[in-house]
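J.: The primary structure of each chain is shown beneath.
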Amino acid sequence: MSWLSLFSRRKSASVARERLQILLTHERVATSQSDLIPTLREEILAVVAKHVAVDPERVEVKIDRGKAVSLLEIDIEIPATAGAKIFSALPQATKGASGRLQEMAAKPA
Amino acid sequence: MAQVLVVTSGKGGVGKTTTTAALGAALAQHGQRVVVVDFDVGLRNLDLVMGAERRVVYDLTYVAQGNVRLHQALIRDRRIETLFLLAASQTRDKDALSEEGVERVIKELRASFDWVICDSPAGIERGATLAMRFADLAVVVTNPEVSSVRDSDRIIGLLDAKTEKAARGERMDKHLLLTRYDPIRAGRGDMLRIEDVMDILSIPLLAVIPESEDVLRASNLGSPITLASPKSAPARAYDEAAQRLMGVDKPVSIPNGRNGFLTKLFGRRAA
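Chains as they are written, first to last, in the numbering used here: chain A, 2 to 110; chain B, 2 to 272.
Please keep in mind that the hints were generated in silico from the structure rather than gathered at the bench. It is possible that some hints are incorrect.
Claimed, not checked - Below 30 Å or equal to it, Euclidean Cα-Cα: the simulated BS3-like pairs (lysine-lysine) are:
hint	chain 1	residue 1	chain 2	residue 2
1	A	Lys-68	B	Lys-163
2	B	Lys-95	B	Lys-163
3	B	Lys-232	B	Lys-251
4	B	Lys-163	A	Lys-63
5	A	Lys-12	B	Lys-12
6	B	Lys-12	B	Lys-95
7	B	Lys-163	B	Lys-108
8	A	Lys-63	A	Lys-51
These numbers come from a predicted model, not from an experiment.
For reference, chain B alone in the conformation it holds in the complex (with noise of 0.2 Å):
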């Protein structure tokens, strides 16, 4: 059965985009049929990081509108067969796009994928919560410092408050993904700890992505990170929380600032 799962964070510039591509490459790579989808209507960019800016002819708004059908817009991925984008459109404003419609082209989705991978823009607003409106998961993407928690446990309460399975009365399943996180500072008391975050946000650990240049030549060569440098700690954490969305029990990594992990089980649960 498909999952639709929101990226999310509130807060802008914490590594959402990144996030949706690598781990949509990530997913796909291990053969799941995914389909990643740019909801920041009007500052699109998941198309420039997953390097098909040149590609896109239709767009989300064009599908959910009803002007052209969903094979047209859906661009699949020259690397990974299994791997589709979404794009979000540039010129419209947030408007252009109705709760019917995502819903309409989220369902049409659910029917051709195994997942589908919703990139959220940064806020609250509308944007925001249509890109989480319709989700059965969200990863919620954090950088450990304070306005982005603070931002990040808005964001919970919104996917407890706003969210269709809410409204079902169901219990959204939500996971932190920690990403820049550097351990060195952290061991220093100069950074927030990954157990001080999960404490204060009270969600599960999907996984601790390191601070690493290697994020930013990924997204200067238009690559997912799992296919721009796969050995990288960043690539190997986002695989990871691949297969632990995929339901294979492995424990989280935790960098060590050697460019290696230590492996660290963090059994603790949401409150």
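Just chain A, same shape as in the assembly (with noise of 0.2 Å):
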């Protein structure tokens, strides 16, 4: 390495610092949170097939993380036959299968 290069290039340690800071922020979130789509969609799942036949590949769990509210989004896709079994026992239909709960950010670490 010449004199003048000294100057000229970033310190790798430097690049290094910047380069893990970016990867863990997005690690930390993925594997926080890789346990718990999962664990939600398998039990969400077993409730729902108890009363209705869904198919299981049509099940879709997604979490938007917001600063004072998190959004937990599980859409179910129930065939028609089963679907029209559930509006007839429903007092009032609601217009889609799908359902939006909203729960208190969990943080992660």
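Reconstruct the complex from the two isolated chains, following the hints.
T.: Encoded structure:
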């Protein structure tokens, strides 16, 4: 390394530090959620499946993290035949077969 | 009361076994009753680093399965009276250890020792989670290198999620032990500084072990470094770490690159 390049090039340690900080911010969120979503998906599906025939592939669980509130979104697609049965049983039918729950943010550590 | 300490890192080759042997020996040199336990089933090495490889008859797996009594498997160190080794099995696979079996062994060890030091295998699989499962505190061994820091961050996450202590809603006590640190390269800006690693991982610093040829020499000889070269910089750093674990309040010595130390207080605690 020439004498000049000492000044022109960024120190590798500061590059390392910055890369790690960016990467780990993402990974901490991803790993803290990694257990939660599959667990929720499995348990919610089990409850719904007790009463209505649903296709396990047609279930979507999403969490959007916000500052004050996070949104837990669960979309379960119900086949037409099973759907007709539910809506006739409900006093007031909802438009779609998707439900939205709001939960307070469970902040990752 | 006994303390169960796990030495862990995620990444392999960063100095977990060296650290287990050195901390175990240093604690025992201070009169503590210590057992070092190798959890690396199938790839045991703690016996070799401790110089007891030819004395292993029974191992952790035998005891965990209830086939032999604990005292039959414990190997007493020939140099320090209060230091013992419980080796891992070299021939079985990781499934040979059950959680219940390990729990029973740890409970029994707690009754006879001041310190139970669990040497974790690399990775985040079963062996690593079993080694940390019943720990009261953790020493996270990290090199000042991006892949090691990333893996340590992952292990810290597991310590807070997969341990008995975490399951009880308690906070796992975690300490950073930085190994292979080269103050000259860090000063030049070509190695992560101690402060960088502490900021990223946000756990308190237990010790900084300088890069040193004495470490390899000690493992060649089958002797923990605090016994092989007690005056060397790494041995002094490990000895200080042991004292700090025993509750002695002293600042962390930082290597100055001339086989000495620059005493510097790192007062920042975990976030």
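J.: Confirm or reject each hint.
T.: Outcome of the hint check:
1. Of the supplied pair hints, the one linking A/Lys-68 and B/Lys-163 holds, its CA atoms being roughly 27 Å apart against a limit of 30 Å.
2. Restraint check for B/Lys-95 and B/Lys-163: the C-alpha separation of about 18 Å stays at or below 30 Å, so the hint holds.
3. Restraint check: the Cα-Cα separation between B/Lys-232 and B/Lys-251 comes to about 18 Å, which is no more than 30 Å; the hinted pair holds.
4. Between B/Lys-163 and A/Lys-63, the direct Cα distance comes to roughly 24 Å. Compliance with the 30 Å bound is thereby established for this hinted pair.
5. With a C-alpha separation of about 25 Å, the suggested pairing of A/Lys-12 with B/Lys-12 holds against the 30 Å cut-off.
6. Proposed proximity of B/Lys-12 and B/Lys-95 is supported: the alpha carbons are some 18 Å apart, at most 30 Å.
7. Proximity of B/Lys-163 to B/Lys-108 is assessed by CA-CA distance (about 18 Å); at most 30 Å being required, the pair is judged to hold.
8. As the CA atoms of A/Lys-63 and A/Lys-51 are separated by approximately 22 Å, the hinted pair is consistent with the 30 Å bound.
Figure legend: structure checked against the earlier numbered hints; every hint is met.
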